[in-house]
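With chain A held as given, fit chain B onto it using these hints.
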Amino acid sequence: MSNPIMNRYEFVLLYDVENGNPNGDPDAGNMPRIDPETGYGIVTDVCIKRKIRNYVEIMKQDEAGFKIYVKEGIPLNNQHALAYVANNIPVPSKENAKNVDAVTLLKLRKWMCDNFFDIRTFGAVMTTGVNCGQVRGPVQINFSRSVDPIVQQEVTITRVTVTRPEDIKTMGRKQIVPYGLYRVEGYISAKLANDLTKGTGFSEDDVELLWTALTNMFDCDHSASHGKMSAQKLFIFKHESELGNAPANQLFDVISISKKDEKVTPRNFSDYSIFVDKDKIPAGVSLIERL
Amino acid sequence: MGFGITIRVQGPYALFTRPEMKVERVSYDVITPSAARGIIEAVYWKPAIRWVIDKIHVLNEIKYTNIRRNEVSEKASTQIAKRIMNGANDPFYLSANDNRQQRASMVLKDVDYCIEAHFEIVQENAGPEDTVEKHYNIVLRRLKKGQYFNPPCLGTREFGATVELVEDTRTIPPSSLTGSKDLGWMLYDLDFSDPEDIRPRFFKAEMINGVIDLTTVGLVG
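Just so you know, the sequences run in chain order A and B. Under the working numbering, think of the first position of the first sequence as 1, with each following residue one higher. Under the working numbering, think of the first position of the second sequence as 1001, with each following residue one higher.
Okay, chain A solo, but in the shape it has when bound (with noise of 0.2 angstroms):
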């Protein structure tokens, strides 16, 4: 394990997507999310989660220390990595199941950020009785948002086979996004990672491993829904100190996106032009382009 890190970062990821749905929206019949006020649509921050988690899981196939807490479907080899756990805690009874002393509980909390990447990414809310069972992770995403507004497109398909005898033939539907260039914000604090008692150890690794997560998590996804989805362009803001030397939101202003002809709807990440305002960019702060 390396040492955890020392920067703070912010980044900015633009991805798109090609005739296919992004992220369903349950409440409206699975049609990609959408904001009703303006059009933009949108993909929730959990989505994106889930396929750094996927990817992750991919990658590092359960190697010590990268194990993946919230799994999708049921993983093949689950208990094979529990050889190198030194602690011996032992189990209260459970009338005192409640009452997890303090030093128990780090030691625990310890424990599940070293094993687990998406805990000591993302955070996790362990139940205990008092009140300091949360880990948060230095990580945050926010919802991403296409920098257009964006059409939802419904396509009826025909099934050609039947389920059971006395079926008819039927019909279903995909719900796609015809062009779609979305943007997503997110921050790491590099306190909530090296902090003594709050930090979780998020290391120079593990931050490797998120870019390379951002970068390729899209080509780990493919599916019948979600069509062509592509990482397009991943920047890193990295600030030279723990806390920062500028606001978030003057970094983001950094980049901006746009039309090359306004006349002409987008149908591929060409038909945009990316503007990165070097001369934004505060003392102190290094920006990297990882694709």
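Treat the hints with care, since some could be wrong.
[Said to hold, decoys possible] Chain A is nowhere near these chain B residues, computed Cβ spacing over 10 angstroms in every case:
#1 1003
#2 1153
#3 1177
#4 1218
[Unchecked claim] Partial pick of chain A residues on the chain B-facing surface, computed with a CB cut under 10 angstroms:
#5 124
#6 244
#7 260
[What the hints assert, rightly or not] Residues of chain B clear of chain A, computed beta-carbon distances all greater than 12 angstroms:
#8 1020
#9 1044
#10 1080
#11 1122
#12 1158
#13 1165
#14 1167
#15 1170
#16 1176
#17 1208
#18 1213
None of these hints come from the bench; they were simulated from the model. By construction, the Cβ of each residue, glycine as well, lies at the ideal position given by its N, Cα and C atoms.
Relative to the frame of chain A, chain B by itself:
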């Protein structure tokens, strides 16, 4: 308020959950003093000081939107963690598909607040070096540079907040809300004085021309 600060907090979405509607979350109309305190503490806090919110200026009109998400119903259990640490064979993960809940949230849109606050020294945690000037200057410095301990958020962590220092309260823009509006009983904050028994405190919120004055409210609970 010799050592008061004013900050401007903005964001595209916010969710200040009403305690009586926590499952299908519904936000309060405005930020609670408790959430405002959390935003300031995200920027700067030490055990030696306690932040107190004095006034909340609500600059934008109150708009709602609805978001439904897949969430998990379970939490990470320390009991199971312990059992596994001791070599038990329990599942080592939380299955998001088997513990799925779809929950809707009524969230606020396009919020813009100015928050006036000051801090008090907590005598029992303060040493001789804990002067008011010191803490005041640190918080001002952090706000001016845009520094923070952890990113401030508007109620929940997916709704990031933009926080700026307002140097002069006379520059607070006039609110688009006029007249007096009764917002009903709102959560003021949680009383942590007894860690065994954390109690919520409530107040009767009244907004006059977009401003909620908290210096004169009576707390219940």
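Hints and how they fare:
no.	hint	in the structure
1	1003	holds, 21 angstroms
2	1153	violated, 7 angstroms
3	1177	holds, 19 angstroms
4	1218	holds, 26 angstroms
5	124	holds, 5 angstroms
6	244	holds, 5 angstroms
7	260	violated, 26 angstroms
8	1020	holds, 20 angstroms
9	1044	violated, 9 angstroms
10	1080	violated, 10 angstroms
11	1122	holds, 18 angstroms
12	1158	violated, 4 angstroms
13	1165	violated, 10 angstroms
14	1167	holds, 14 angstroms
15	1170	holds, 22 angstroms
16	1176	holds, 16 angstroms
17	1208	holds, 28 angstroms
18	1213	holds, 28 angstroms
Comparing the model with each earlier hint shows violations of hints 2, 7, 9, 10, 12, 13; every other hint is respected.
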